[in-house]
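Make a model of the complete structure from these sequences and hints.
Chains A and B are the protein sequences, given in the same order. Residues 0 to 457 (numbering that gives the first Met the number 0) make up the first sequence, in order. Residues 0 to 267 (numbering that gives the first Met the number 0) make up the second sequence, in order.
Covered stretches of chain B, going by a simulated chain A footprint (3 or more residues, C-beta under 8 Å):
#1 61 to 71
#2 110 to 121
Only some residues are given here: those of chain B computed to face chain A with a beta carbon under 8 Å:
#3 76
#4 107
#5 133
#6 158
#7 162
By construction, these hints were calculated from the structure, which means they are not laboratory data. The structure presented is a predicted model; accordingly, all values stated were derived computationally and were not measured. The beta carbon of each residue, even a glycine, is placed where N, CA and C say it ideally should be.
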Amino acid sequence: MVDAPSENADNNAAEAFLQGGSLKHAPGPYFGGYGGRWMPESLIAALDEVQDTFEKAKADPEFLAQLKDLNKNYSGRPSLLTEAKNFSEHAGGARIFLKREDLNHTGSHKINNVLGQALLAKRMGKTRVIAETGAGQHGVASATAAALLGLECVVYMGAEDCRRQALNVARMQLLGATVVPVTNGSQTLKDAINDALRDWVSNVENTHYLLGTAAGAHPFPAMVRFFHEVIGEEARAQILEQTGKLPDAVCACIGGGSNAIGIFHSFLDDPAVKIYGFEAGGDGVDTGRHAAAITLGRPGVLHGARSYLMQDEDGQTIESHSISAGLDYPSVGPEHSYLADIGRVTYEPITDTEAMDAFRLLCRTEGIIPAIESAHALAGAIKVGQRLTEGKATPSDTIVIVNLSGRGDKDVETAAAWFDMLDEDGNVKGTTLSTRKPKGPAERMAEAGAADVNEDRN
Amino acid sequence: MTEQITSKSAAAIDRAKAQGRAALIGYLPAGYHSVQESIDAGIAMARNGADLIEIGIPYSDPVMDGPVIQAATTEAIANGFHVASVFDVVAAITAATDVAVLVMTYWNPVVRMGVDEFSRRLAEAGGAGLITPDLIPDEASEWFAASDKYGLDRVFLVAPSSTPERLAMTVKASRGFVYAVSIMGVTGTRQAVSSSAEKLVADTHAAGAERVCVGLGVSNASHVREIAAYADGVIVGTALVAAIRDGGVPAVADLTRDLSAGLVREEA
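As C-alpha cells, this is what we get:
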C-alpha cells in the first residue's frame, strides 16, 4: 500500500528546495499531501495503463520525435515571445513579455496536451477519445487531434457553457466530434468531468479519457504538465535570448492550472524568479461568487485528486462563478496546491472587472484580443509590475512574462455584452449586426440541434 | 489487527447463509424524499426481506451513479439534506430492526467532517460500516485507523477490471464483505446481469474473500435469483430508488418482498 501523504512530506520538500533541491519533474502521485488517486476501483486498471504507456513513451525517442514534429509542423511551435511595449506602461513600466500560446493551432495552449495524449491513445490501441470542456478550447483541441489521428471523439460540455461558447460547439462539430450538453448540477466544467468519468468507466475498453487540465487522478497531473512543459522551456530560452537574463516574475491564470504549470515548470528551480498564479475572483472573493479555490478553498478530494477545493461545511462542492468559462472550476491541480503551501508560487484572485479591464487594455494597446482566461493573468501582471517597480529608478529593469494562454475570438460576444456594446435585441449598437438575434447557426446547434445531431450519429 | 472486531455485516450475511440463502442488501439515499421517509423506507426494507441496508449520503458529484440516483440525491440536497442527518437515519433504522445498516458515501463528505469524527458518530449511531465507491485501499490509511478504532466494516469495491494483485490487496483490506461491481459502468437498471459478475465473484473468493456481494444493474427478482446462486449477497439500488420515487414507502416494501423471493436457492 502507498503510504499516506503527510505534513512532513511538505516540510521535507520545502526544506529540500531551500537547500538547493529541485521542484521540477515532480513525478506524482503525490505533491506533498496532494494528488493521489481518489477514484473508483473500476478505473484503476485504466489509470495504470495510461501511466505505464506514458512512462514508456516519455523514454522513447521515437515518441518524442513524433511529438516534436507535430508541435512544430502542426501546432506551429515554438510560439512567439512578444514584448508588449505599450501595455508595459500600465504595469509600472516593467517590461512585459507575452508568451503567445494564442498563436498555436486551435488558438490556445490546449493543443500541446491533446497531441501528446492522443498519441498515447493510439499507442494503447484505443479508438475513441472523450473529453470535457469548459470554454470549449480543450474540446476543440481534442476534436482537432482526434480528426488528425483518426480517433472517434465525444466532448462533454456543460449546457450553460454550450450557451456561453456556442461558436466552439459548432467548431467541434465541424471537426467531426459529438458534443454532449451536460444538464446535471451547475451545468459547467465540473459536471462535464463527472459525465466524462461516467462514460469512461462504461467504455474503458476502447476509450481514453483525454483530460484537459493538470488535475484529476495520477498520472494526469504529472502527464499533462509534461506535455505543457514546452511552454516554459521555450519561454526561458526566449527571454534569455531577448534580454540576456531571467525574468523577475512569471504570471499565468489558474483554472485547473495546466497552462500555468507548463510555464512555471522551467522557473521553479530559479529562486530569484517570482511566480504568480491568478485565480478567477468572479464578482469578488467576499461575494461567494468566484472560482478562487486556493485563495478560499480548503483541501478535499474531487475528480480523483486531493487538492484545494471550494466546498461547504458538508463537503459538497460549491458552484464556482467566473466570467471565464475556462476558469470556472471549483478545484485546482494538486501540484498548485502544493506549490501554494510551500510558498513557491503566490496565488491571488482577479475579479471579472479587473480581468475585463486588462482584456480591453491589451486589445487597445497591443492589437491582441486575449482569451478572458488569459486576461486574468494580464490583470495580475499589471499589479505585479506595479509592485515590483515601486520606487525603482529604472523600472524597465524589471521583466515580467505573462502566459497568454489563448486568443479571445471565442469571447467576443461575452466581451461585447460586458462593455455594453449591444442593444436590447443583442445587436451591436447602431447597427443591425447581431450577435444574438436572429440566432446564428452555431447558437441554434448549441441550444436545440446538438442533441439531435448526436442522436443521428449514434 | 482486526481479529477482535465483530463485523455486523458479516454476521447479517452469515445469518442468511445459515438459512440456505444469499443476503439481500437494499440501497436508498438518506433524505429522499425527506429524512423521515428514508427512515420509514429503510425499516420497510428490513421488514420485507432485506438483511442489510445501505444508506447513501447525497453528494454533489456522484461519478459512479446513473441518472435515477443522481436525480434523487440532487433533490435531497436541494431540499436541505445535511450529512449529519445520515446518523439519525442509521440510528432510527438500527433501533427499529435487527438488520445491519451500512453507509454508502463518496469520500469528500467524510474528509470534510474528519474521518475519525465521522467514524465515531457512525459507530455511536449503531452503523455497521462504510461502503466507499471512490476510496481505494491505497488511499485509505486514515480510514483503516478509524474503522479499527470504532469497530466498523470497510467495504471496498472490486471490478471486472481489477488485476489479481489488486483483488488480493482489496480483499485483505476489506472487512464485512467485498462489493463486486457486476459490470464496467455506473449505477442503473439493466436488462440482464453481466456474465463478468460470476467470474469476478469466483476470483474474489479465490483471492481469499469469505463474503462477496454483487451490485450494479441488479434490477429484479430474476436477476437476484441468478446472482444468489453464486454470490453471498445481492445489492439492489436503482430499482428501489425508482420505487420510492414513484410509489413511496409502500412501493419499496412491495419491491423488497418481491426481490427477496429470488433469494432462495432452488436446489438447496
